[in-house]
Amino acid sequence: MIKLQKISKVYQTDTIETVALDNISLEVPGGQFLSIMGPSGCGKSTLLNIIGLIDAPTEGKVTLSGEQVTNYTGRKTARFRNEQLGFIFQNFHLINDLSVIDNVELPLLYRGTSSRKRRQLAAEALQQVGLSNRIKHFPTQLSGGQKQRVAIARAIVGKPNIILADEPTGNLDSAMGDEVMDILLQLNKELSTTIVMVTHDERMAKKTDRLVRLFDGSQVSTAATL
Amino acid sequence: MLLNYLKMALKALGRNRMYTAITLFGISFTLMVLMIILALYDTEMGSNTPISRGDRIVNASRLEMFTEMSDTTWTIDSQLVAGQMTYDTLDKEINSGRYMSAGYMSYRVLTEHLSKVEPKESYTLFFNRMFTVFKDGQKFSLRGLYTDSEYWNIYDFTFLAGGPFNYAQVESAESVAILSQQTAEDYFGGIREAIGQNLPLSGRSYEIIGVIDRIRTSNDDVNAEVYMPVTTTVPDLLTDNSNQGPFQGAFLAASTSEVEAMKQSMIHIGKQIPIPPEMDFEQISIDAFNREESYADDLFYEDDVRDSVLYFRLLLFVGLGLFILIPVLNLININLTRMMERASEISVRKAYGARRDQILGQFLFENVIVTFIGGLIGLGLSLFVIQVINSSGAMPNTVLSFNGTVFFYSFLLCLALGILSGLLPAWRISKQQISEGLRQ
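Just so you know, the protein sequences line up as chains A and B, in that order.
For the first sequence, the residue numbers in our numbering are 1 to 226.
For the second sequence, the residue numbers in our numbering are 1 to 440.
Derived from the structure by calculation, the hints contain no laboratory data.
As the structure is a computational prediction, the values presented were derived from the model and not from experiment.
Cross-link-like lysine to aspartate or glutamate pairs, in silico, DMTMM-like; alpha carbons within 25 Å at most:
| # | chain 1 | residue 1 | chain 2 | residue 2 |
| --- | --- | --- | --- | --- |
| 1 | B | 7 | A | 97 |
| 2 | B | 7 | A | 124 |
| 3 | B | 431 | A | 55 |
| 4 | A | 189 | A | 209 |
| 5 | A | 189 | A | 167 |
| 6 | B | 431 | A | 83 |
Quick list of the computed label-pair ranges, beta carbon to beta carbon:
| # | chain 1 | residue 1 | chain 2 | residue 2 | range |
| --- | --- | --- | --- | --- | --- |
| 7 | B | 356 | A | 200 | 31 to 37 Å |
| 8 | B | 435 | A | 39 | 15 to 21 Å |
| 9 | A | 173 | B | 435 | 24 to 30 Å |
Beta carbons: idealized from backbone N, C-alpha and C, even for Gly.
Work out the full structure, taking the sequences as your base and the hints as a guide.
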């Protein structure tokens, strides 16, 4: 499902060269819930960005859902992200000017789905995360946990094959964090969606199928957590 | 999709009231001034009564008799050749000016010469004269215009009462006159009341047979207070043998495609008009001007009217361009700051599949919406200011109005302002990398 071959990422300025990822190879089978851990600055987010086609690797190949996407350009990348990927961010990144349901509809907007269908699918996604009673609210009226649930609904509304979550519980207290984690686990189980989650929280990582540890841009271990 | 953008645009407006107030003030004030200028331009140059056929009319507005004068300059060049000084001379004639006499033309020039202009649908001749009349101890200064019956076919005046004088009335020099609405009201106390009344002018008593609606343009060809048959003027003016006189002509082409040919014919015939032997001139010409050329010539009076038109257009476009430029630069600046604040939104949209052109389109659309809201306020303001200008008498011979044409061009202006002030910021913001916005 996700195949990374010898991925390196080097950030270069006039004076400094920073190696963010060094020769990472990783395979994540379809339906697996993978967590990535490591200290700050070890390249976790960079790796997630490369899988999410947000960043391009300096070297190596990325294959997602059987497609070799490393050399995809603007239009193709946009379309692939829209159809195959869902994103969840630590800071939620909801659009405050749009209502909850409008936020959730966003991925469908760029897919050309009719407005009626969009409403219906967004309402279903919100139901899945238990927020059917908040569809007309605005993000500023919600708690952190609720915001993250909206973000999850937005990530799943387009039924992507892969969900990429960058510290989804990082800004939440443990109760809310558990709530969000339960939803992700449930999605992974029920829809067989592949999930790659970056986390600092050992407790959360242990709930996933497999844990990859990074250190200074290199993969130091990979293990099944169960 | 557009509904989503519209929601965003309205929300963005409500978010920072101070910014919104400054932006909307800038947009609406700029558009207000531009709309008033447009209204003024349309009043003077547009196809409105009584010059609805303005694009088919060419005026014979000036006759010029002249002699080109030249100066000769001598250049002496010296050089040493084989120890001997040699000299070379060069003489060069420079056109140093004209000795000339220019002005309006005589009745004879128009009826005997320019009447032969082809192709034309018809032509008219006229001249203006000021009159002073008294009624009940009150002094009235009236702008009079003497003309023929064809005048009323070329210019489409709206009659509030009665009608124009006809060919027979002009031929028989009947003392009939047509009044402007204002004069009918001021002098006779009303439009209907004026009909059949007599107005004493230059020793004649003119019977009022028509009253015309207020004229919106300041154009002297049509703007007068009393119109009389040309045959009722001083008879000498009609029989005078000289080339110059008080008359102007207006020639109507059957279609706009014939205008240029008609104009060339006027210029050609103008050059053939004989110069009386007692006049010490070598050449003669007629200025055949369309409306824009007449305005440009009044303003710049260059030897070649094409230069005047060029300066006139430059003045119009450069002036307007500079006027728009300053608010546009300001708006670009404000918009850029505002759009940067939405970096996170842009990244999320891109992460979820928005293409660069879609981001660009969204921000442009939002900006155009904001501009149109500003445009609506500007429209309200300009209607108010036009009302004030018209009723204050600041421009006594001009009545500004906001018609369909002005509205259409105002709409285009709003669109242009929206796109101009939004394009650069939207272009820059659409280039933003996803990861940049996600760091916020």
